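Using the sequences plus the hints, can you model the full thing?
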Amino acid sequence: MSDRVGAGVPGPKRAVSVSGVTKVFNQGRPDEVTALSDVDLSVGDGEFVSLIGPSGCGKSTLLRLIADLIPPTRGTVTVAGEPAETARRKQGYGIAFQQAGLFEWRTVLRNVELPLELRGMSRSDRRDRARQMLTLVGLEDFTSHYPGQLSGGMQQRVAIARALAVSPPLLLMDEPFGALDEMTRERLQAELLGICAKTGAATVFVTHSISEAVFLSNRVMVMSPRPGRITAEIRVDLGERTEATRQADSYFEAITSVRRALRSGNTPAPAAP
Amino acid sequence: MKRVLFALAALAASMVLWEAYKAVGNPDGTVLFGTRVLPRADDLSMPHVWDVVSRLSRPELTGGRPVWIVVLQACAFTLGITTVGFAAGALIGLLLAVAMQRFRLVERGLLPYVILSQTVPLVALAPLVAGWSGNLSIGGLPWPDWMTVAVIAAYLAFFPVAVGMLRGLQSPQASGVELMRSYAAGWWRTLVKLRLPAALPYLFPALRLAGAAAVVGAVVGEISTGTRGGIGRLVIEYSREATSDPAKVYTAMLGAALLGLVVAGLVSLLEVPLMRHRRRVEVATL
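From first to last, the protein sequence lines are chains V and U.
Residue numbers for the first sequence follow the working numbering, beginning at 139 and rising by one.
Residue numbers for the second sequence follow the working numbering, beginning at 811 and rising by one.
A hint or two may mislead.
[Stated by the list, open to error] Within a straight-line C-alpha distance of at most 20 Å, the following computed EDC-like cross-link-like pairs (lysine to aspartate or glutamate) qualify:
#: 1; chain 1: U; residue 1: Lys1003; chain 2: U; residue 2: Glu1081
#: 2; chain 1: V; residue 1: Lys336; chain 2: V; residue 2: Asp387
#: 3; chain 1: U; residue 1: Lys1003; chain 2: V; residue 2: Glu381
#: 4; chain 1: V; residue 1: Lys336; chain 2: V; residue 2: Glu242
#: 5; chain 1: V; residue 1: Lys228; chain 2: V; residue 2: Glu278
#: 6; chain 1: V; residue 1: Lys228; chain 2: U; residue 2: Glu988
#: 7; chain 1: V; residue 1: Lys228; chain 2: V; residue 2: Glu255
#: 8; chain 1: U; residue 1: Lys812; chain 2: U; residue 2: Asp838
#: 9; chain 1: U; residue 1: Lys1003; chain 2: V; residue 2: Asp183
Quick caveat, the hints were computed from the structure, so don't treat them as lab data.
This structure is a prediction, so every number in the text was calculated from the model and none was measured.
Next comes the structure, spelled out in structure tokens:
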């Protein structure tokens, strides 16, 4: 653990830099909530960082601040050295949510084409690109299916392909595997790591699952609620992830230290499972 | 195919019911505590089904054209008016819905009046519209009567479209809206790529209601403005002869029912190419 929690990795280029960010919802009203309080976070290029914590700790809020879906109350957010809004306007990141959120009136291929379409890419170019992305997630045979005809796991893969379509240097994922069964989940985790290695994208990944965070990440940021803040940073060094990693001692050690950090950061221990 | 069979079966069942009531019902109707609870079953009030059908083939007046041609022509005339009113009403409803979705203030300010507009009785409204349009002219040409009727039809038709479409435009989940925001898509592109397609399952039931409303508006509009040539006028004309020729007024009513079915069918046809692969939503538009 570093001295200043969340201060991040050294290095000239940072995919994400969040400093001194506070987010207050409904400011000045009786139902005012401080969702995040003075949060610092830095994500290096190509780094995989997970945000983990109990419900209400502000991990999704932090992700949405990076995505410039909501503005911070105080503090600054930069993505690839630029203000978050500029990055959003340039489609500087790809995003995936817990709900795949596919447009059911579009075929799988046309769903993946959507961000490219909005970029003004020509029809044939974006078709090729979307096909490539679908091949990457193993859905090349389902391009003309409609989302309603796919399983939840397949839909989520389409959402990931869509997030990757513009080759963003940054991937933002908000519990993308949260609604999936354990088997599908593990397979998609391995696929996601492969994709990130191939594309070199930095990733900020929000999850509830300790094992998922440890398996995927270079660093796990542990958060606690009321007000939401980062309470611990755990570096995970497991080398190349394979199926054997899930049995490795170092994997279980990392899980234990994340679990311990979650407990100590959230005293009194939450009743939530 | 199955639906056609069901529709035919329902038609046959209602005819059987009609004749059965005629056979067992009291010819003078059933009166309970001074209130007639069941209608008269005599031939004057309820002519036999076959009388109505055979009346269709006989001439309207001695030596005139057969009734079925007159009724069909009247239906075609009213169908034209209905189409114009429906198209105008649907367009206005769409624009209102988009404006209400775009500006919350417009929704708050306008929606109560949109709902209020439908509580004004049509029979009170129609002469008013007729009065206004009597003073109007389009580029020197006089305002034709049928346009007045089309306005009344549009007045009824815009409502379900405005309300249904508003719900449809508001139907996308927050994640879809956020996704569009993450793509730096503005309001217009979010409307075109997300809200309009998402609204289609809400739009079509609303259009069906609007079609039915436009037929009612056109028929009632014709009656209260005294516009000649349509099925509404024909119902009034034939009902004056109800005592001497009871089957005749029912032929006009059959025509009006046919008109409603044709309009409903045409609206459903609009839906076919757009709604493949789409979920159906249950929509209650008030």
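For each hint, the structure was consulted:
The hinted pair formed by Lys1003(U) and Glu1081(U) meets the criterion: a straight-line CA distance of about 19 Å does not exceed 20 Å. Between the alpha carbons of Lys336(V) and Asp387(V) the distance comes to roughly 27 Å, so the proposed pair goes past 20 Å and is violated. For the given pair, Lys1003(U) sits about 41 Å from Glu381(V) by alpha-carbon distance, which is inconsistent with the 20 Å threshold. For the proposed pair Lys336(V) and Glu242(V), the alpha carbon gap of about 29 Å is over 20 Å, so the pair is violated.
In summary, the hint linking Lys228(V) to Glu278(V) is not supported, as the alpha carbons are separated by about 28 Å, beyond the 20 Å threshold. As the CA atoms of Lys228(V) and Glu988(U) are separated by approximately 15 Å, the hinted pair is consistent with the 20 Å bound. For the hint linking Lys228(V) to Glu255(V), the alpha-carbon distance of about 14 Å falls within 20 Å, and the restraint holds. Of the pairs offered as hints, the one joining Lys812(U) and Asp838(U) is violated, with about 40 Å between alpha carbons and a cut-off of 20 Å exceeded.
Under the criterion of a C-alpha separation no larger than 20 Å, the hint pairing Lys1003(U) with Asp183(V) is inconsistent with the structure, at around 32 Å.
Hint violations for this structure: numbers 2, 3, 4, 5, 8 and 9, all remaining hints satisfied.
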